[in-house]
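**Q** Residue numbers (the numbering used here), protein chains in the order written: chain A, 1 to 595; chain B, 1 to 595.
Hints are supplied without guarantee of correctness; some may be wrong.
Heads up, the list lumps identical chains together, so a pair's fine if it works in one copy or across two of them.
To be verified - No farther apart than 27 Å at their CA atoms in a straight line, the calculated lysine-lysine pairs in the BS3-like style are these:
id	residue 1	residue 2
1	341	103
2	482	537
3	502	537
4	26	482
5	502	320
6	26	502
No lab work stands behind these hints: they were computed from the structure.
Protein chains: 2
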Amino acid sequence: MLSTMSSFFLRTLREDPADAEIISHKLLVRAGYIRRAAPGIYTWLPAGLRVLGKVERIVREEMAAIGVQEVHFPALLPREPYEATGRWTEYGENLFRLQDRRKNDYLLAPTHEEMFTLLVKDLYSSYKDLPAQLYQVQTKYRDEARPRAGIVRGREFIMKDAYSFDIDADGLAASYELYRGAYLRIFERLGLPVAVVEADAGAMGGSRSEEFLFPTPAGEDTFVRSPGGYAANVEAVVTLVPEPVVHDVEPPAPTMVRTPGADTIDTLVTSLDAEAPRTDGRPWAAADTLKNLVLALSHPDGEREIVVVGIPGDRAMDEKRAEVAFAPAEVETATADDLRKHPELVPGYIGPRPEHARGDEKAVRYLLDPRVVDGSVWASGADEDGVHVVGLVAGRDFVADGTVEIADVRAGDPAPDGSGPLELARGMEMGHIFQLGTKYAEALGLSVLDPNGKAVTVTMGSYGLGVTRAVAAIVEATADEKGLSWPAVVAPFHVHVLATGKGEEIFAAAADLAGRLADAGAEVLYDDRPKVSAGVKFADAELIGVPYSLVVGRGLANGVVEVRNRATDEREELAPDDAAAEILRRLAADGVLPE
Amino acid sequence: MLSTMSSFFLRTLREDPADAEIISHKLLVRAGYIRRAAPGIYTWLPAGLRVLGKVERIVREEMAAIGVQEVHFPALLPREPYEATGRWTEYGENLFRLQDRRKNDYLLAPTHEEMFTLLVKDLYSSYKDLPAQLYQVQTKYRDEARPRAGIVRGREFIMKDAYSFDIDADGLAASYELYRGAYLRIFERLGLPVAVVEADAGAMGGSRSEEFLFPTPAGEDTFVRSPGGYAANVEAVVTLVPEPVVHDVEPPAPTMVRTPGADTIDTLVTSLDAEAPRTDGRPWAAADTLKNLVLALSHPDGEREIVVVGIPGDRAMDEKRAEVAFAPAEVETATADDLRKHPELVPGYIGPRPEHARGDEKAVRYLLDPRVVDGSVWASGADEDGVHVVGLVAGRDFVADGTVEIADVRAGDPAPDGSGPLELARGMEMGHIFQLGTKYAEALGLSVLDPNGKAVTVTMGSYGLGVTRAVAAIVEATADEKGLSWPAVVAPFHVHVLATGKGEEIFAAAADLAGRLADAGAEVLYDDRPKVSAGVKFADAELIGVPYSLVVGRGLANGVVEVRNRATDEREELAPDDAAAEILRRLAADGVLPE
């Protein structure tokens, strides 16, 4: 396969796109791989489409290798199945909704659990039909509030989504392991290091789930890992709950302290040190205070509920953890309007709210961080402007309706499995696998007859992998300040032949080498542009990022051409025939040409 | 490649789908290739997706062979470019429109002229960049009023759409010929006979256009052909206009005739024969009468205009021709409400309306069929209940604002190029190629600098090919009453191996043959189901339509197996090794395996 720069539909740009923050976005646009059509919506140009096709092929090969069969669902789907599982509503503004000319409701599918469930229900009826494994590589839609980072978080994107159907939990566990292994092989082939972390199942429902994160500062996900091997997405981290505190001597009753103007944790600590010094001699710390946050939950049925959550004063709310903790309700900080309806909540001085837990159904619900164990002692608000209380004992002086995990996770927090202190890192979500269980099968009535003729609800798993996003991640993993630098397995071309010079013999030799490499099976991009300087050709080649270059220039007069390795920048002068042979040898070593 | 019926995701159905009218719809659903997800929206199951993939590959190979480069545009697109060309409005209810969470308007693209134009404008600026050829294979959307015939007329479907960009009309003509040739090769490889017919450019704009029609009674298009080689879609047929009639003797002035109750052409003819017999001795014919139709045009700007069109009384209006004739206005028969606003139009007795052409701007426009040439003599309405006029001479007694082609085309009508009488046939539109000219380039500002540094508007062509529809057409061309019957080049499998019998040795021999065929490169479907009767296996095999079957059954005891050809129903008993060799030989002859 031979393309020439003079006819290949590619133009490199000097300027980064104005909205680009991360390197994959900048370089894929500048090197002529993608173009923005609308916010979060991209066109794939020939070079980009070639890379995308190679990534898709690797994904398909690994799906076929574990026996998963490919199907293809529509992107435009009727409302009804998504209504049956509640997701028509749960997806909120993230779902693109539309009506057809008959005013029937449709959506652009963000994921296809419902449709796969209905399809298997349509075709299968017996335990003998299971396990079943199906997948598709498909264009998906999500109306992101903040589409960003080019193809990393788009509104139209390509996913590989697979689904498993088993008769029982053991079968599901086996299917899940199958995909887990396939994913590790896919990312290895793509040259992407990944961390497999425990994840929250989120809107998908179900029990166990893991994410495959590519560790990169450009990632949107924060994950934790411990020296002992624990790894989890920050949303999925479970707090290691301390033992209840047992006091040898019953602590004294709480005391009111005048703390005028101390409506933040910092000012409160200072004020307490002045007004009510601790008896144990150490100064007050933020961790001694109980901060009560007022949150507004929007439930799927439209109800807006105000709740108060108490967390240690040295921690902040983590919005993503709060989202997960309260799903499917949406959560936000209560507005001034919300607070006006609750005059009992004095901003800056809110205390624990045990009333609802003690039976007052009209009072707001009160939830606590799991660290606020029985017997722990706290300073908190007194529900009166300029007044706090010290010496509040959890379980004695106040109770709650339950616990909730909304506090942030910090480096040094203990791993929940006792495997040591956590460290935090950023990652990009490349894949997410879920043991869904029976949620979708139940909602849509998917059951099969077991060997005794009894109907059994099918147990499902779902397995997503971001195909377009993988292209961006490969760039993040391999590009440098000069441009893209593709691994041979996904590169748009294997060899970039450059004719740098003015003599006809240079162009003739370059064309000959390009043709011979193409005849040998290599995918060749030949820069045949007659009036373009060597400097521009080199810069374009570095930006475009083909793994090997063959430079035919002035050296030709001395019988040599140059072989360049884009990733290592190694250069070698060889006779033309040897250069071609060397490149073919390297491509064979890379696994893209036969030995 | 080896799949087994016990695990392949396919179930055959006994019943045709309730809404299926044509054989491709019935069989593709019954054989487990596609499933309906919503009206006009289908899911591709593994067998169907394999066929679709092979059709796509042939299309891609032929595009690459003429040097067209592949890109991929989003399906979800912003309103603006379509607003600039007027198509946001022109598409009417056929366009799926939606809004994102910021209330910006988007559409699901039915075709991508605008986006390709903008892309080339983005990247190219010089005549040296041209000609350029780009294509995509992409999911498209059209909110059909009556989605029907399965995947023939869907609302979500796959098209190959290509676009050419040239500096001038000669370049466009050359590009157009390139695609025309590629299309003929594609349809030949797919085994689809096609008629290339002149077509109307319709909403696409532009000048020359041709359709590739697969002749089939299941087709929605009517086309004509003449013995001399003229071929056109009925919408594009131009009436051969007769010479004006010159009278040796000036015909007498028109005469009023009382024709009470004669408000149809049939009753009028009878009434005239009784009340005003012709002087030339023959009876009145419908063709002697001028029928004036009242139509309502809805213009894109919202105006509703009433027009009257006079056509010979022996012809009816052809709705599709009328649509084309009045585009971009939509046309329908005037309603009772429309008529109430025009008391001068007496239903059943409407005469010619020359007033507007003679300068009365408030009068309705009057248009004539091109056959109503000057000097021709007609009977028509007298604009008075129960009264007609005979002896009206066109050009003398009435004039019109122009001519319009809305009358139906009939077998026996003369071809416009004088190549003989037309015959009519039905066809399915497989492809449509357009010389667009500068319409899109002008609307979106696509120009390049010519050798003199002068800006020249680029001249475009667009070239569509229905990929999903091609799958249906292949079925229409090849299936029989027993089921599908694929040509080897697009078949989901090459060989169907059936184990028909109970002995273990039968299954062992069948599995061995299936494995050996797969090892030799054949795509094999092996019916390994242990408790399924031979009759069911044969019926399934005939329904699924794999080109060759290898039946391992009772004959095995005598050392023979059977090779069957699905298309010809030929059967041959051979020793197992010979049977395998024979099948590989046939697949090589079909071009799907190397010789």
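**Q** All the hints need checking, so say for each whether the structure fits it.
**A** Verification of the hints:
no.	hint	verdict
1	341 to 103	neither (39 Å within a copy, 31 Å between copies)
2	482 to 537	within (13 Å within a copy, 61 Å between copies)
3	502 to 537	within (13 Å within a copy, 69 Å between copies)
4	26 to 482	within (12 Å within a copy, 57 Å between copies)
5	502 to 320	neither (59 Å within a copy, 60 Å between copies)
6	26 to 502	neither (32 Å within a copy, 64 Å between copies)
Checked against the numbered hints above, the structure breaks hints 1, 5, 6 and satisfies the rest.
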